[in-house]
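Hey, can you work out the whole structure from these sequences and the hints?
Protein chains: 2
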Amino acid sequence: MREHEFIDWIVAQTKLDPATVPVGPGDDCAVVRFGSSDVLVTTDQVLDGVHFRLSEHGPRAAGRKAMARNLSDVAAMAAIPTAAVATVSLPRGMDRRDVEDIYRGLRSVGDAFQCPVVGGDVGSWDGPLAISVTLLARRAGVTGGIAPILRSGAKPGNALCVTGSLGGAWRTAHHLEFTPRIAEAICLAMNYGVKAMIDLSDGLATDLGHLCRASRVGAEVLAEAVPVSPAASELTANPAAALHAALCDGEDYELLFALPSRLARKLCDAQPLPVPVTRIGRFVAGDEITLVHGDGRREGLAGGWEHTT
Amino acid sequence: MREHEFIDWIVAQTKLDPATVPVGPGDDCAVVRFGSSDVLVTTDQVLDGVHFRLSEHGPRAAGRKAMARNLSDVAAMAAIPTAAVATVSLPRGMDRRDVEDIYRGLRSVGDAFQCPVVGGDVGSWDGPLAISVTLLARRAGVTGGIAPILRSGAKPGNALCVTGSLGGAWRTAHHLEFTPRIAEAICLAMNYGVKAMIDLSDGLATDLGHLCRASRVGAEVLAEAVPVSPAASELTANPAAALHAALCDGEDYELLFALPSRLARKLCDAQPLPVPVTRIGRFVAGDEITLVHGDGRREGLAGGWEHTT
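As you go down the protein sequences, you meet chains A and B in turn.
Just so you know, the numbering used here puts 50 at position 50 of the first sequence, and the rest follows in order with no gaps.
Just so you know, the numbering used here puts 1296 at position 296 of the second sequence, and the rest follows in order with no gaps.
Simulated from the structure, these hints should not be mistaken for laboratory data.
From the three backbone atoms N, C-alpha and C, an ideal C-beta is built for every residue, glycine too.
Treat the hints with care, as some may be off.
[To be verified] If you want the footprint, here are the derived chain A segments under chain B, 3+ residues with CB under 8 Å:
1. 5-18
2. 27-33
3. 79-92
4. 110-120
5. 133-146
Structure, rendered in structure tokens:
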């Protein structure tokens, strides 16, 4: 079962009232109306052996990652994290100190974004450690004037940009220690007319596929423009392998976004963020996602969405 | 490690701004302010082998229970469930149909309370099935006029009442099929001046301890007044054993609440709810929780809170 197929199935089961749930399943956060306020909500889990290895990384890093992944989903909407809750399933007999370290890990990155842990549930079982976090977030901007940035707003002709550099995250501590791009996202939304955004958790090829699918557009990615991380470059003397790592490794937790071409030029000239921003391509009509090499060679990028609907 | 000790530790670590988080960890829900709206949030998980047995109960019942437990926490605040998100850790290779059944279980009881599933995350791993649900809820009453009912509002002299009957829930399908007391709780809060409330998940003895601890009061429970469920009665010919089951089994998901004595009399005379309401005792000054037998014999009820702080 592919995850997005299951999400499609869920979306097909779901009839939501847009007056109370303006954004339902399938984006980085859902949006629920409470009175005159939009409340964004997102949830994500980290599982021992999948997203971290308890024996190697320890409980604090696991807790931090659980919180940071959710903060990255809030960043993808250009919203402000407000409160978190967490459930933790503990391997039976786990030391009290380790449990406290999980909480300290959650707090370490939550506190950095003024996002307190306001509730939770802890239970012991015969299974491995799992940590599930749910975040509530609010609209950014003066009096909440910045609408959440969805995946579905990209138009043909929009530029495709990315923060930071990509690839090799699992081979370094990046996947545990990354800083969610909350402030960067808000700055982009407030000043550069961002039309659509997603955070890179599954890898550029896959996540660009999600963005294109939601926006019903295609994209061209310029291979030579993709910012390959030092971790990916150092991995191999083969530039094609390093590019592949940048496109497919995942766990970068950078922002991938669409914006008008003119504003992309202004953004890339100004480089106003603490992290570099790179224009790596553009959105086009259709459903094809194409990698364009320096010599003009074109190849389909995994994550193209036509075949999967 | 005892759960409430860990919660105490968390509460001690937490400095919350009451303007943005009026109610933090330690109650059935937290309350977070968004603009002029109160958003209630609660989270709870069900774990294979602890809260259900997948091989025996099946995926749909597990999903239903995950949602229903959280709805019961919303009931305990006399609030209205509004939206749910869920994370599911799937045993690797689980059948797609089973995964859909988990979702159908969540929906079966969520739909009954107009509480849609608006987001989630599904991941496969080498561990057992775990389902974590977070609910958002809103204030009840005309224009949200009913403030959330906390655990901390009971006063000496208040009557102690309970809905339904207690005990033996795990021996029947009750722990899987119970109906969260959402409507009952709102009716009680709107009409009978309820001062403090909790839902019975850990058993009356323990949960009354939580309520007394939060309110800093003691309580007297009249043994002969405790409504013993048919499941508990049928279990044993020994009335003392049946009473013990009613006090300690847990998973009743009934409401335990404090209200002024006069209104308790009115409530118990009127019996306005689809479920019976029974007055089982009263709150007293101090920190002792006492079970008072028909012959006047008094004994301390486990869950008294003095020893645990």
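Review point. Of the hints given before, which are not true for this structure?
Key: Hint check: nothing fails, all pass.
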